[in-house]
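Undergrad: Chains L and Y are the protein sequences, given in the same order.
With the numbering used here, letter number 207 in the first sequence gets 207, and the count goes up by one each step, no holes.
With the numbering used here, letter number 150 in the second sequence gets 150, and the count goes up by one each step, no holes.
None of these hints come from the bench; they were simulated from the model.
Only a predicted model underlies this, so the values are computations on that prediction, with no experimental measurement involved.
Heads up, a few of these hints could be off.
[Said to hold, decoys possible] Here are the simulated DSBU-like cross-link-like pairs (lysine-lysine), alpha carbons at most 30 Å apart as the crow flies: (1) L:Lys7 to Y:Lys339; (2) Y:Lys161 to L:Lys72; (3) Y:Lys255 to L:Lys7.
[What the hints assert, rightly or not] Facing chain L, from chain Y, some residues (calculated, C-beta under 8 Å): (4) Ala14; (5) Trp32; (6) Glu38; (7) Ala41; (8) Ser46; (9) Arg49; (10) Ile70; (11) Pro249; (12) Thr250.
Yeah, the Cβ is synthetic: ideal placement off N, Cα and C, and Gly gets one too.
The primary structure of each chain is shown beneath.
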Amino acid sequence: MAYFAHKDFFSDTGLYELVQRVMSGELTLSWYQPGTEPARCRPASAARGLTYADCNVGSYGYDAIPEFVRGKNSMAARGSLLWGTLPDIGYTVNRKSDVWSANVVALYEEAKTRRWAPAVDIPWSALAGSARPPVLEAATAQVCTVLEEIALVAMEAPGRWVYLINQEFLEVKSFLCGQMLDEARHVEVFRKRALTGGQGLKRASVPVEQALRELLAADTYPRTSLGINVVLGGLQVALFRHLAAIADNDADRRIFTLSLQDAARSVAYGVGALRCHLAAQPHQAHALCDHLLETEHTIAGVLGSPELCEPLIILSGGGLEAEQRGRGAARLRQWLRQTVDELFARLRHAGLGSYPQESRLPACFAAALAA
Amino acid sequence: MAYLSTRDFLDDKAYLDRWQYTLRTGELDLSWMNVATERIACRPQSPRRGLTFRDLDVGSYGFSEMPEIIRENRSFAPRGAAMPDGLPDAQADVNLKSEVWAYNVEGYYEEAMSRQWNATTDIPWAELAEIELPETIGKAYAQLLTFLTEVEMIATDVPAKWLGRLNADFFEVKNFIATQAMDEARHAEVFRKRALTTGFGLMCASPHNENNLKFLRDGDSFAEVSLGLHLQAEGMVLTLFRFSEFISPTEADKKLFRLVMQDEARHVGYGMQHLKWVIDHFPEKRETIHRYLDEAENFVFGAGYCTEVTEPFIILAGKGLKRENIAEGIRITRRFQLKQIEEYFERLTKCGLPERRERSKLARARELMQAALDTPVGS
C-alpha cells in the first residue's frame, strides 16, 4: 500500500459524533448551496441523443477548460465545487493542447455508436468447411498473428496515459477508453481468425515488436499519439483497407472493414490532436519533426518484416505460384507507395510539412518500388 | 525516448536489401509458414453465442493450460505463437497468473462486449430535461450524481494503469480491463449528463472519497488493487446503485441505475472470482489480504464524514426535508448502509474469506448500526 488515510477513523470520536448527529436528523446541508452554475442541458437533436457537445455549456463545458489546468489535481468533476482538502492524484498531463482535438467529442460518440462484437458480428460458421487453399489460410493466419501483436501494443498505449491525464479532460479520457476497447476487440478478432482456419497462430515478428516497442516508449503524450495514432494508426488503416479489398470471403471482408472503421477514428483523433497541439505550441513542430525522423525507421520495421510482407504478397496475388507472387508483389508495391503518400499527406495537413522533405523513407522505397 | 529498437531499420542494409528484393521479385523466404505451432480450427460451441474465448481454450493457445509463472514470453507475442530470438522485453511487471486471473474472466469479457449500451441514446434525455424536480429532491439528486460522476473513473484509471504491466499472455484479463475502462467512462458520462439535466448542475466534490480514490490508485500490486477496487469499492457501489434505483425520482432514472448495475455486477464478479482464485490456489496470501482490507475498511468507515453523500441519500429516500421525511429517509439509509456492509462480508465469505467478519472493525461498527436501527430517529 502506497497511500494511507491520514487517521484511523475507527478511533475518531469526531466522526462518531458527526454520524450520530446526522443520523438523529440533524443534517448539516453543507452541500446544499454550492454556488455552482445551474444547468438544464437538452439534446440538440432528439434522434442523436444527449451528447457531450450538448453539455458544453458554461463552466461545465470543455470550451471553458483553460490551456493550463492549475489547482485541479483530483478527480472532482469539472464544474463541481472544490472544497476541503482534495488530494493530488498525480496527473502529469495538465495542458489542454497536449491532449485535445477538435473532433474528440464526435469521435467518442461515434466509437459508442459503432461498437461491434467479434463473437457474434463475424460469420464464423462461414469459415467452417471452407475450401480455401491452405497456403492462403497460412498467410491469413500469419497476418493475423502480426495484427494481434500490433493490437496488443495499440491497446496498451492509451492505457499508459489515461491515468496520467488530468480529469478535467474527461472527453479525451473517455475517447481513450473507447480506443482501448477498439484494440481489445482487434486482439480478439485477429486471434479468433487465426485459430479458425486450421493453421493456428504463426510466428511473432522481431522487427515488428522492436518497432512497436520504440513507438510505445515515447516520452510525452503528444509524441505517443503521433507515433501510435498517426503513424501506426495510419498503417493499420492502410492494412485493413487493403485486406478488406482483397478478401475472398465474407468473414474476412467483414473483419477488416469493421476494424478499418475503428482504426480510422484513431487516425482522425491523432491528426486532430496534432493540429491542436501545433496551433497552441508551434515551436513543437521542429521537435516533433525530429521525433519523426528518429522513429520513422519503425515504419520500415513493420512493413518490411517478412512476417507481414510475405503473407501480404501471397494474399494480394492469390497464391504461391510464381505469377501469383509477382502479381502480389506488384500490388504490394503500389500499396506501399500509397501508404507512405497518405502518411505524408496527413502530416502536412496536421502542420508537419517539413518532415516529408527530410524523410529517409522516399529514398528507401524508391529502390524497392522501382520494378 | 525510453526505448530504442536494436537497430535503425533504415540503416540496416541487409534488412533493406532483403525487403527490396522481396518486393521486386516476389521471391519469399516462407520460414514463418511451417513453424511448429499447433494447427487447430476452433468452432463456436453455440451458434447463438458465437465464437468466444472459451471456444479458443484449446491446447497451447488456451488459458486453462497457462502455467502460474509465465517464464517464456516477455514480449508482445500472442500466446501460442512461435517466438523467435530477438523479441524485445515488454517489461511486464506482472507475470504470475494468480495476480490477475479469475474464474470466468473470459465470460465476463464476452458479456461486456455484448452488453455495451450508449449513454447518449439509451436514456430518454429529452423527456428527462422537461421534468421539474422539486428543489429539495433535485438538489439532493444532483449532489448524489455529482458524487457518482466523480468516483466512477477511478475504475478506469486504476485498471488502465496496470493494463500495460500485465504479461501479454494474460490478454483475456487485459481485454476485460479495456471493457471496464469503457464501462466506467460511460458511467461518468451518464451521471454527469443526468446532473446537467436536472436544472441544478453539478454540486460539491467529496474530499474524503477523493482520498479513498487515491488509496485505490496507488495500490502496490494488481491483486491488491483488484481487491480494493473490484470487490470492496465496486461491491459497495453496486449496493448503492440498487438503492439508488429504489429512491430514484423518475422511471427513467430507475432505468439508468439498472443499466449501470449490469456493468458494475460484472466488475464485482471479476473481483470475487479473482479473490476466489487466489484463496483456492495460494491460501498463504490470506494475511496480506486481511492487512489490505484493514486499511480499505478504514476508508469505508471514514466515509461517515461524507455528509455530501449521506444527506442527499436521506432526503431522496425520505422524499423531502420535513421532519417526517428525514425520519423515514434515515430509516431507509440505515438499512442501505447495513445492507452494503452485510453484502460486502457475504461476498468475502463466498470467496473463501469467512473469517474476515471476526477480524474486521467494520463488522463491529455494523453491529452498532444494527442496534441504532432499532432506536427511533431523534431519540
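Undergrad: Each hint needs a verdict: does it hold in this structure or not?
TA: Cross-check of the supplied hints:
1. L:Lys7 to Y:Lys339: holds, 26 Å
2. Y:Lys161 to L:Lys72: holds, 20 Å
3. Y:Lys255 to L:Lys7: violated, 39 Å
4. Ala14: Interface hint status for Ala14 (chain Y): violated (11 Å vs cutoff 8 Å).
5. Trp32: Check passed: Cβ of Trp32 (chain Y) comes within 4 Å of chain L, closer than 8 Å.
6. Glu38: holds, 5 Å
7. Ala41: holds, 4 Å
8. Ser46: violated, 10 Å
9. Arg49: Holds, about 7 Å.
10. Ile70: violated, 14 Å
11. Pro249: violated, 15 Å
12. Thr250: violated, 15 Å
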